[in-house]
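Q: Start from chain A and add chain B according to the hints.
Top line first, the protein sequences correspond to chains A and B. Residue 79 in numbering that gives the first Met the number 0 sits at position 80 of the first sequence, with consecutive numbering throughout. Residue 81 in numbering that gives the first Met the number 0 sits at position 82 of the second sequence, with consecutive numbering throughout.
Treat the hints with care, since some could be wrong.
[To be verified] Residues from chain A that keep clear of chain B, each with C-beta distances beyond 12 Å, as calculated:
no.	residue
1	Gln-77
2	Leu-90
3	Ile-113
4	Asp-179
[Unchecked claim] Not the full set, but computed from the structure, chain B residues with beta-carbon under 7 Å of chain A:
no.	residue
5	Val-75
6	Arg-77
7	Ser-78
8	Ala-128
9	Gly-132
10	Tyr-138
11	Val-139
12	Val-151
13	Tyr-154
14	Ala-166
15	Thr-170
16	Tyr-188
[Stated by the list, open to error] Here are the computed lysine to aspartate or glutamate pairs in the DMTMM-like style, where the Cα-Cα straight-line distance is at most 25 Å:
no.	chain 1	residue 1	chain 2	residue 2
17	A	Lys-97	A	Asp-179
18	A	Lys-108	A	Asp-181
19	A	Lys-172	A	Asp-161
20	A	Lys-23	B	Glu-14
21	B	Lys-182	A	Asp-9
22	B	Lys-183	A	Asp-9
23	A	Lys-121	A	Glu-164
24	A	Lys-22	B	Glu-104
25	B	Lys-34	A	Asp-7
26	B	Lys-63	A	Asp-7
27	B	Lys-63	B	Glu-24
28	B	Lys-82	B	Asp-13
29	A	Lys-23	B	Glu-162
Just so you know, these hints were derived from the structure itself, not from any lab. For every residue, glycine included, the Cβ atom is placed at its ideal position computed from N, Cα and C.
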Amino acid sequence: MDAVGMLDDDLITNHLRMRERLKKRKAVAWKRSSLVAACLAVVMLIGYGASYIPKTYETDYQPPYRNPHLMSYSEPKQKSFWVYYVNDLGLIQRERVKMYGGEWFLVWKELNGIGDDVQLVKSETTEHIPIYYDENGDLQGASMGVYRIWTVTLSIGLTKYDHYEKRLKSLFKTMRAVSDADEIRLAYVLH
Amino acid sequence: MKARSKTQHELLADERIIELYWSREESAITETDRKYGQLLYQIAHRILNDRLDSEECQNDTYLKVWNTVPPTRPTVLRSFLAKISRNLALNRYKEKNRQKRVPSELTVAFEDLENTLQGGESAERELAAAELGVMINDYVHTLALRGQYVFVGRYYFAESVEEIAKALQMTKSNVYKQLEEIKKGLKQYLEERGERVE
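Bound-form chain A, shown alone:
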């Protein structure tokens, strides 16, 4: 008993220091796991609460009508797309909406609260194979794939254009989200 009591100070100090460090590490580990558990609980609560938030566009969303012209771009099945709109504060926001591909214009109009001021005149896609020429005008080669341009023509009242400018930006973003065309063009017919 006495012999063991003659251990050097450094051994005793090391032991006490190590014990304190291990204790602290355990406390930190405990705090960390409590934090993770708390975060999980919050996430679950949010998830639970979110299920009660009314949704504007449910999965079984039914548009008021279908424009046969737009249906040329429709998908055989409903899919989720980002639709952009301008909120009350004038900021562009987006919402994920499950719809047929061809319904993008109607959904965009509805989300933006646009009535008959903006009308869809034409929606067409052109395809071509880009051909490259050198400086001398000699044929250099052609692209392997087809280049697709999607052009949408809208009819807007002359006085309304400025009013809808930001909303039209959100339309452009929506078109980007629903289409995989290489280029998207918006044309206006002002009346």
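A: Using the frame of chain A, we list chain B on its own:
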């Protein structure tokens, strides 16, 4: 709750506490108690396994430090206090043990170690305690950090195997295994140095 956390932040640095002892300020004892009271109580309680005895031992430690500092100036206050507390508790333990067996963790730990060192206290009787102490000390220095922790924890501070296992995040059986290896190693170490162990 707020006051408590404030108190914890206000714990004085060891150097400051030593200064208080040197300037004979009684607050030195209060500060020591606040910072190390729990540790000193734990050390004593592991050996004595009695609340009143442990508290008395804790107070004796403060008195002893008061009488020792100055002239002594401890380099590491924590281990200085721990050593005093352990020695005082050990003396009390021996005194009590003379009358009857003390059912503490130390009894279990020492019975275990003494079996390695020539059954009972005979090894200590044969060798001068000081000489054996130096050898044990040298041997512990050869151990890895984990082994040192296990040895000092078990045989110096009389920590339970469970406590050591928890601290080192080991299983109890692994701690027992390590203790066996340490004892075997110690026996061999002493034999190599010409000491008759068995």
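Q: Each hint should be assessed against the structure and marked as holding or not.
A: Hint check:
Every CB of chain B lies more than 12 Å from the CB of Gln-77(A), the least distance being 53 Å, so the non-interface label holds. Its beta-carbon lying about 43 Å from the closest one in chain B, Leu-90(A) satisfies the requirement of being farther than 12 Å from that chain. The beta carbon of Ile-113(A) is kept farther than 12 Å from every beta carbon of chain B, the shortest such distance being approximately 57 Å. Listed as outside the interface, Asp-179(A) is consistent with that label: its C-beta sits roughly 54 Å from the nearest C-beta of chain B, beyond the 12 Å cut-off.
With its C-beta approaching chain A no nearer than about 5 Å, Val-75(B) sits inside the 7 Å limit, and its interface hint holds. Interface hint status for Arg-77(B): upheld, as the beta-carbon distance to the closest one in chain A is roughly 5 Å, under 7 Å. Satisfaction of the interface hint for Ser-78(B) is found here, the shortest Cβ-Cβ separation to chain A being roughly 4 Å, below the 7 Å cut-off. Given hint, Ala-128(B) at the interface with chain A, holds; its Cβ is 4 Å from that chain's nearest Cβ, closer than 7 Å.
The interface hint given for Gly-132(B) holds, since its Cβ lies 3 Å from the closest Cβ of chain A, which is under the 7 Å cut-off. The beta carbon of Tyr-138(B) is not positioned within 7 Å of any beta carbon in chain A (closest approach about 10 Å), and the interface hint is therefore violated. Restraint check, Val-139(B) versus chain A: the minimum CB separation of about 6 Å is within 7 Å; hint holds. Nearest Cβ of chain A to the Cβ of Val-151(B): about 4 Å, under the 7 Å cut. The hint holds.
The interface hint given for Tyr-154(B) is met, as the beta carbon of that residue sits about 5 Å from the closest beta carbon of chain A, less than 7 Å. With 7 Å as the threshold, the beta carbon of Ala-166(B) comes within range of chain A, its nearest partner Cβ sitting at about 5 Å, so the hint holds. For the restraint placing Thr-170(B) at the interface with chain A, the shortest Cβ-Cβ distance is roughly 16 Å, beyond the 7 Å limit, so the hint is violated. Taking 7 Å as the C-beta cut-off, the interface hint given for Tyr-188(B) is violated, the closest approach to chain A being about 13 Å.
Taking the CA atoms of Lys-97(A) and Asp-179(A), the gap is near 17 Å; set against the 25 Å cutoff, the hint holds. Note on Lys-108(A) and Asp-181(A): the hinted pairing holds, with a Cα-Cα distance of about 24 Å set against a maximum of 25 Å. With a C-alpha separation of about 18 Å, the suggested pair Lys-172(A) and Asp-161(A) falls inside the 25 Å cut-off, and the hint holds. The straight-line distance between the Cα atoms of Lys-23(A) and Glu-14(B) is roughly 22 Å, inside the 25 Å bound, and the hint therefore holds.
Taking the CA atoms of Lys-182(B) and Asp-9(A), the gap is near 21 Å; set against the 25 Å cutoff, the hint holds. Distance check on the hinted pair: Lys-183(B) and Asp-9(A) sit about 24 Å apart at the alpha-carbon level, within 25 Å; holds. For the hint pairing Lys-121(A) with Glu-164(A), the CA-to-CA distance comes to about 19 Å; that is within 25 Å, so the pair holds. Restraint check for Lys-22(A) and Glu-104(B): satisfied, since their Cα atoms lie roughly 21 Å apart, inside the 25 Å limit.
A C-alpha spacing of about 23 Å is found between Lys-34(B) and Asp-7(A), which places the hinted pair at or below 25 Å, so the restraint holds. Our distance criterion of 25 Å between C-alpha atoms is met by Lys-63(B) and Asp-7(A), whose separation comes to about 20 Å. Using a Cα cut-off of 25 Å, the hinted pair Lys-63(B) and Glu-24(B) holds, with the two alpha carbons roughly 15 Å apart. Note on Lys-82(B) and Asp-13(B): the hinted pairing holds, with a Cα-Cα distance of about 16 Å set against a maximum of 25 Å.
Taking the CA atoms of Lys-23(A) and Glu-162(B), the gap is about 15 Å. The hint holds against a cut of 25 Å.
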